[in-house]
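*Asks:* For reference, the chains in residue letters:
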Amino acid sequence: MTVRAIPGFGLSIGIALLWVSLIVLVPLLALAVKPWEMGLAGVLRSLSEERVLASLALSFGTAALAGLASLPVGLLLAYAIVRLRFPGRRILDGMVDLPFALPTAVAGIALTALFAPNGWLGAPLAAAFGWKIAFTPAGIVVALVFVALPFIVRTVEPVLRDLGRDAEEAAATLGATRPQALARVVLPALAPALVSGFGLGFARAVGEYGSVIFIAGNMPMVSEIAPLLIVIRLEQFDYAGAAAVGLAMLVLSFAVLLALSVLQRLLRRGRA
Amino acid sequence: MPKTGLALPRRALLAAAPFIATGASAQTPLTLLNVSYDPTRELYRDYNAVFARNWQAQSGQAVRINTSHGGSGRQARSVIDGLAADVLTLALAYDVDAVAERGLLARDWISRLPSNSAPYTSTIIFLTRKGNPKGIQDWGDLLKPGVSIITPNPKTSGGARWNYLAFWAWALRQPGGSAATAEEATARLFRQVPVLDTGARGSLTTFAQRAQGDVFLSWENEAHLALQEFGADKFDIVYPRFSILAEPNVAVVDQVVDRRGTRAVAEAYLRGLYTDEGQAIAAKHFYRPRNAAVLAANASRFPAIDLVTIDDVFGGWTEAQRTHFNDGGVFDRIYRPGR
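As given, the protein sequences belong to chains F and H, one line each in that order.
Under the numbering used here, the residue at position 199 of the first sequence is numbered 199, and the numbers go up by one with no gaps.
Under the numbering used here, the residue at position 176 of the second sequence is numbered 176, and the numbers go up by one with no gaps.
By construction, these hints were calculated from the structure, which means they are not laboratory data.
Hints are not guaranteed to be accurate.
Ranges of calculated distance between the beta carbons of each label pair, as one might list FRET restraints [said to hold, decoys possible]:
id	chain 1	residue 1	chain 2	residue 2	range
1	F	L250	H	R336	24 to 32 Å
2	H	R263	F	W36	45 to 53 Å
3	F	S48	H	R188	21 to 29 Å
4	H	R336	F	A101	35 to 43 Å
5	F	L250	H	R333	36 to 44 Å
6	F	S48	H	R263	33 to 41 Å
7	F	Y239	H	D311	53 to 61 Å
8	F	A57	H	G146	42 to 50 Å
9	H	G177	F	A101	23 to 31 Å
10	H	D233	F	S261	56 to 64 Å
11	H	R41	F	V106	42 to 50 Å
12	H	E277	F	Y239	56 to 64 Å
13	H	G70	F	A101	45 to 53 Å
14	H	K284	F	P124	51 to 59 Å
Here a beta-carbon is modelled for each residue, glycine too, at the ideal position from N, C-alpha and C.
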């Protein structure tokens with residue numbers, strides 16, 4: 001047996017595993033077991049319905065869009081918080097975390113009121129461009145950006161802080177222009193953090209229910225998200241069917257996160 | 001003074017100890033849990049106070065009634081999953097049936113109380129913008145081009161199922177009406193629905209506050225509540241000539257009352273809804289009383305319209321649910337692409 005520098009290895013790993021099992025593994029296992037009550041054919045039939053496929057495509061598509069849309073904004077916010085000094089910086093810093101704290105239903109109702117065709121933003125947008133945001137898939141993306149943004153900011157921020165100004169200054173002394181320094185020095189260093197921030201924001205957005213439900217319009221085949229379909233199946237007392245959609249989301253999310261983690265590793269290796 | 005700070009709670013605990021002990025052994029305060037659906041909040045707030053007073057006078061026992069509200073289906077599921085409801089007062093028989101299927105109450109619950117175990121009834125009517133600018137008078141007017149209709153999703157809302165079935169029953173009654181023409185008309189209706197909220201209250205918000213839609217298909221009592229809430233100058237209530245008789249059912253949950261020893265009070269609670277006093281409270285909150293005398297006394301609030309029952313048109317809830325709302329049913333077909 002190897003001697004470890006930190007004592008209490010067995011105890012700490014034991015507590016950690018017990019905790020993870022009780023809170024994460026057992027519920028997930030229950031979810032993974034439930035759908036098979038209806039047999040393999042039943043699960044496949046239940047998942048290959050057009051409405052299920054449409055809702056899965058919608059949930060994952062809008063979550064990916066929201067993650068992508070949050071990337072530049074999140075990066076800019078992190079940059080402003082770390083590198084710039086301006087009055088109200090601390091307030092901005094605090095506001096970034098608000099979506100974590102706010103009940104998502106409150107966010108959903110506020111965003112719907114704002115973007116509805118008679119809302120403060122919805123009315124002028126409709127008048128000027130004919131855009132309809134609330135009660136369309138665009139509204140879903142707006143709600144998901146709201147929940148995903150803080151994840152990007154908070155993962156990029158510490159890496160940017162560690163990077164320090166000196167790397168950019170060194171690039172400048174070697175003759176790089178501002179855009180070159182950003183593109184060749186800052187962004188590559190931040191890329192792994194951006195990927196993991198995207199992954200966290202995406203994962204959070206895929207499962208989001210509370211805020212989306214108010215703004216989506218919930219039309220089958222158009223703006224019906226997969227978590228709503230789970231709720232609908234539960235309303236029909238179809239526990240196994242609900243669990244099947246849940247399991248599909250779990251597997252898809254896991255595949256996306258795994259791919260992102262491989263991408264992150266490649267990016268790190270590329271830099272080393 | 002840390003010493004007194006410590007001593008006080010201890011003294012308080014000692015003082016309370018005898019009460020806790022007797023409370024546990026002799027007389028636990030009598031409580032009753034009524035698991036209900038969304039729009040009955042105001043009704044049961046009134047009725048609970050009246051019943052508690054009556055029960056105290058009659059039996060000398062104090063009773064506290066807790067009422068839980070939510071979407072009817074979700075409430076039924078909570079009870080199936082273990083919420084200890086003494087009585088159910090839900091939006092439709094199907095949800096009570098779902099609980100009965102799990103063995104929590106007798107399968108024949110519906111015949112245990114008068115009038116299909118539905119002490120009050122309701123129906124589906126229209127709420128339009130003030131002045132009814134689109135001229136919506138009957139179900140057929142909903143299909144006029146340019147009319148936008150707000151209803152919740154029948155998959156998640158009990159009220160929305162009544163909306164759907166009322167329209168279907170109307171379509172069947174049209175000259176040459178059949179299941180095929182009714183399905184066609186219903187598909188057209190839902191193509192004119194821009195937003196499907198999950199519950200009736202959400203839909204009302206969409207209609208009243210987000211200004212979506214020209215007409216809101218509503219429970220009769222919710223429509224009157226909306227007028228009180230948002231002002232009678234904003235909306236008009238329109239009674240179609242024909243609608244469906246919605247019977248929100250009540251039942252005692254046998255397993256729970258037998259375990260908790262609350263059968264007597266739970267049964268009295270539901271029977272009280274059928275008394276003149278209970279019926280008057282229902283009428284006050286715009287639920288149609290079963291009692292003819294109470295109904296006559298409130299005739300101005302409940303215009304007489306032609307009402308069909310779900311048993312007559314659809315052969316009962318189980319059948320209606322299976323044909324229309326289960327996965328792969330008619331409602332799903334409406335949204336299948338390529339239509």
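*Asks:* Next, verify each hint and record whether it holds.
*Replies:* Comparing the hints with the structure gives:
1. F:L250 with H:R336: 24 to 32 Å: This hint holds: roughly 27 Å between Cβ atoms.
2. H:R263 with F:W36: 45 to 53 Å: 40 Å, violated
3. F:S48 with H:R188: 21 to 29 Å: Cβ of F:S48 to Cβ of H:R188: about 28 Å, so the range 21 to 29 Å holds.
4. H:R336 with F:A101: 35 to 43 Å: 41 Å, holds
5. F:L250 with H:R333: 36 to 44 Å: 29 Å, violated
6. F:S48 with H:R263: 33 to 41 Å: 48 Å, violated
7. F:Y239 with H:D311: 53 to 61 Å: This hint is violated: roughly 28 Å between Cβ atoms.
8. F:A57 with H:G146: 42 to 50 Å: With a Cβ separation near 31 Å, F:A57 and H:G146 fall outside 42 to 50 Å, so the hint is violated.
9. H:G177 with F:A101: 23 to 31 Å: With a Cβ separation near 55 Å, H:G177 and F:A101 fall outside 23 to 31 Å, so the hint is violated.
10. H:D233 with F:S261: 56 to 64 Å: Given a distance of about 59 Å, which is inside 56 to 64 Å, the answer is holds.
11. H:R41 with F:V106: 42 to 50 Å: 21 Å, violated
12. H:E277 with F:Y239: 56 to 64 Å: 41 Å, violated
13. H:G70 with F:A101: 45 to 53 Å: 25 Å, violated
14. H:K284 with F:P124: 51 to 59 Å: At 44 Å between Cβs, range violated.
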